[in-house]
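There are 4 protein chains.
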Amino acid sequence: MRRAVIGIMGSGNNATAQETNHALELGERIAKEGWILLSGGRSVGVMDAASKGAKSAGGLTLGIGARSDDSDISEAVDIAIITGMGSARNTINVLSSSIIVAIGGNGSGTLSEIALALKSGKHVIVLGGSEEAKKFLQKVGGKNISFTDSPEATVKLIKRLLAA
Amino acid sequence: MRRAVIGIMGSGNNATAQETNHALELGERIAKEGWILLSGGRSVGVMDAASKGAKSAGGLTLGIGARSDDSDISEAVDIAIITGMGSARNTINVLSSSIIVAIGGNGSGTLSEIALALKSGKHVIVLGGSEEAKKFLQKVGGKNISFTDSPEATVKLIKRLLAA
Amino acid sequence: MRRAVIGIMGSGNNATAQETNHALELGERIAKEGWILLSGGRSVGVMDAASKGAKSAGGLTLGIGARSDDSDISEAVDIAIITGMGSARNTINVLSSSIIVAIGGNGSGTLSEIALALKSGKHVIVLGGSEEAKKFLQKVGGKNISFTDSPEATVKLIKRLLAA
Amino acid sequence: MRRAVIGIMGSGNNATAQETNHALELGERIAKEGWILLSGGRSVGVMDAASKGAKSAGGLTLGIGARSDDSDISEAVDIAIITGMGSARNTINVLSSSIIVAIGGNGSGTLSEIALALKSGKHVIVLGGSEEAKKFLQKVGGKNISFTDSPEATVKLIKRLLAA
Chain A
-13 MRRAVIGIMG SGNNATAQET NHALELGERI AKEGWILLSG GRSVGVMDAA SKGAKSAGGL
47 TLGIGARSDD SDISEAVDIA IITGMGSARN TINVLSSSII VAIGGNGSGT LSEIALALKS
107 GKHVIVLGGS EEAKKFLQKV GGKNISFTDS PEATVKLIKR LLAA
Chain B
-13 MRRAVIGIMG SGNNATAQET NHALELGERI AKEGWILLSG GRSVGVMDAA SKGAKSAGGL
47 TLGIGARSDD SDISEAVDIA IITGMGSARN TINVLSSSII VAIGGNGSGT LSEIALALKS
107 GKHVIVLGGS EEAKKFLQKV GGKNISFTDS PEATVKLIKR LLAA
Chain C
-13 MRRAVIGIMG SGNNATAQET NHALELGERI AKEGWILLSG GRSVGVMDAA SKGAKSAGGL
47 TLGIGARSDD SDISEAVDIA IITGMGSARN TINVLSSSII VAIGGNGSGT LSEIALALKS
107 GKHVIVLGGS EEAKKFLQKV GGKNISFTDS PEATVKLIKR LLAA
Chain D
-13 MRRAVIGIMG SGNNATAQET NHALELGERI AKEGWILLSG GRSVGVMDAA SKGAKSAGGL
47 TLGIGARSDD SDISEAVDIA IITGMGSARN TINVLSSSII VAIGGNGSGT LSEIALALKS
107 GKHVIVLGGS EEAKKFLQKV GGKNISFTDS PEATVKLIKR LLAA
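These protein sequence lines map, in sequence, to chains A, B, C and D. Take the first sequence: its position 43, counting from 1, is numbered 29 in the working numbering, and each next residue is one higher. Take the second sequence: its position 162, counting from 1, is numbered 148 in the working numbering, and each next residue is one higher. Take the third sequence: its position 68, counting from 1, is numbered 54 in the working numbering, and each next residue is one higher. Take the fourth sequence: its position 53, counting from 1, is numbered 39 in the working numbering, and each next residue is one higher.
Derived by calculation from the structure, the hints in this document are not laboratory data. Incorrect hints may appear among the rest.
Same chains, same label: a pair holds when it works inside one copy or across any pair of copies.
[Stated by the list, open to error] Calculated lysine to any residue pairs in the SDA-like style (CA-CA distance at most 20 Å, straight line):
#1 Lys41 to Gln124
#2 Lys125 to Lys142
#3 Lys129 to Val30
#4 Lys41 to Asp64
#5 Lys38 to Asn0
#6 Lys125 to Thr2
#7 Lys41 to Ala(-10)
#8 Lys125 to Asp55
#9 Lys41 to Ser29
#10 Lys18 to Ala(-10)
#11 Lys120 to Leu143
#12 Lys18 to Asp64
#13 Lys125 to Leu148
#14 Lys129 to Asn7
#15 Lys41 to Gly20
#16 Lys18 to Gly128
#17 Lys121 to Gly20
#18 Lys105 to Asp58
#19 Lys120 to Asn92
#20 Lys105 to Thr2
#21 Lys121 to Asn92
#22 Lys125 to Ser57
#23 Lys142 to Gly(-2)
#24 Lys38 to Arg(-12)
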């Protein structure tokens, strides 16, 4: 059986300090569980921090790039999948992940990934979003969306979901 | 200069009666303005109603299909673009439209299109969404998102945006 | 029933004079038959010439763009479908066409479209390719590929294929 | 620096015994060099054999799937990238590989990958194609295409190309 792939989505240039801290810790915890980390691969923000966190714990990291080369891919990405498809690669991010974690989620790119994941029937965990986001996304996602407030709680929930 | 393309996004099987009525009227009004109508092309819900509305006024209708053939495309679609890409075609819908109108917008597919449109810098008009949706999407979209409550008001706004 | 869409594929910057002449005439003949012309949309080479030919006869022209905006799209394209997907849009070109005509076909981009068309079960007509190309492509395409040496013969063949 | 990714392309259901034997041996040799193996991921033909060969030598295998789930992916694929994009995923195969090896190459799917690889400026090695294929593809690919007749010679050439 293939190892589980956990997708972490979140802001690039506009990520807050708390979001990147969450991403760093979550990446590390995902690696310690033996799961593969998938992200949009860029060398900024949540994607970069999550990949670095996973590498710090010896994990395996995938980056699904938007450009037609690897010029924007983080050094902490082990395997760069180059799509040349811009935001259309967001669909690949969610289809290739067992479970998707959105850190924050008020950015339009991250929101598109939450929506595409729900559309494809994947479970989405939103770590630390705003109250407005929770209220609305709960309505959109129903039982396929959950909200957490720490990387630790997120990993506990992923374990439960993978075991189900 | 090419004619403006107005993209109408909305639910397929889960569209409400009000949403399909709005779509029908909006499609008709778009055709009367001489704009081309673009949708996801399916023969159900908002997409189908918008295409039928446009055809009733002699308009030109595009459908960007998700499947690898035209088996799910509405008869009211003049030109079927077949992508075989599933939800990744949502990116094409927004990039190919001058302005995107989301009717409703609590569905995950439509939400992904709103988010992708904002991500790509396009203006989004949400016609008739819920209060939760408005509150949250206003935060995500800033000045690139507007809210209307009738097809007539929507067309007025499109005119202003196209002239800007 | 939707109007037939005929896809014309061929070189951009490296098109020969004969290829662009063929494209111009073929575009015109396609428009006169009432068929819609589809191409990769660029403002150079075979794509541009075919679109201009079709417009000269009052036809309707589609361009499936590779970029994320319409900056490389010919003025002779009526409807620009913007994919932002680079060469992945070649798949859309072939899936959206009833029949594909490759003018020349020694270029790698055109060859990818011939191959993708055959893969998806579409009929390909190669207008004016080299002897090496014919020999090899005949082997790859079997009964789904034909070779012609003039726009007139190409249109005659399209008619037969559409009627079948 | 990221490990090199070598893409192996070839027939699925129509692969010959020699082609799958070549794929098996080449996959094994690629793994022994420490390179990552990439393929279209399916559980048949050249893709399956290459992945199995690589796994037999402890390698890491990627499969870029065409479907929207992993139902057609080989058990010998460690990491399944799920695109839901049909043949449009062929573009991803070539962009994500440092070098592309086509085993055989008279099939339309493989031919599309050879062409897309050349289009994107990647080097293609054709292992064991027909004389017609060589003659024509040499003309299309120029200095970016090479022909070999054994997995051993292929790996030697990859080494030289990666070192260049």
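Query raised in the report: 20 Å Cα cut-off: does Lys129 pair with Val30 within a copy, between copies, both or neither?
Result: neither (31 Å within a copy, 25 Å between copies)
Report task. Using 20 Å as the alpha carbon limit, work out where Lys38 and Arg(-12) are close: within a copy, between copies, both or neither. Result -> between (23 Å within a copy, 14 Å between copies)
Query raised in the report: Checking Lys41 and Gly20: alpha-carbon separation at most 20 Å within a copy, between copies, both or neither?
Result: Both, since 12 Å and 19 Å are each at most 20 Å.
Query - Alpha-carbon proximity context of Lys38 and Asn0, limit 20 Å - result: Within one copy only: 18 Å inside, 42 Å across.
Query raised in the report: Given identical chains, is Lys105 near Asp58, meaning Cα to Cα at most 20 Å, within a copy, between copies, both, or neither?
Result: Between copies, since 18 Å is at most 20 Å while 28 Å is not.
Query raised in the report: Within a copy, between copies, both or neither: where do Lys41 and Asp64 come within 20 Å Cα-Cα?
Result: both (9 Å within a copy, 18 Å between copies)
Query raised in the report: Is it within a copy, between copies, both, or neither that the alpha carbon of Lys18 lies no farther than 20 Å from that of Ala(-10)?
Result: within (12 Å within a copy, 25 Å between copies)
Query raised in the report: Is it within, between, both or neither when you check Lys121 against Gly20 at 20 Å Cα-Cα?
Result: neither (33 Å within a copy, 39 Å between copies)
Query - Lys41 and Ser29: within-copy, between-copy, both or neither at 20 Å Cα - result: For Lys41 and Ser29, the Cα distance is within 20 Å only inside one copy (14 Å; across copies 31 Å).
Query raised in the report: At most 20 Å between C-alpha atoms: does Lys120 with Leu143 qualify within a copy, between copies, both, or neither?
Result: within (17 Å within a copy, 30 Å between copies)
Query raised in the report: Between the shortest in-copy and the shortest cross-copy C-alpha distance, which are at most 20 Å for Lys121 and Asn92: within, between, both, or neither?
Result: Answer is both; intra-copy 13 Å and inter-copy 12 Å each pass.
Report task. Give the relationship of Lys120 and Asn92 under a CA distance limit of 20 Å: within one copy only, between copies only, both, or neither. Result -> This pair counts as both: shortest intra-copy Cα distance 10 Å, inter-copy 13 Å.
Consistency note: the structure conflicts with the earlier hints numbered 1, 2, 3, 8, 13, 14, 16, 17, 22, 23.
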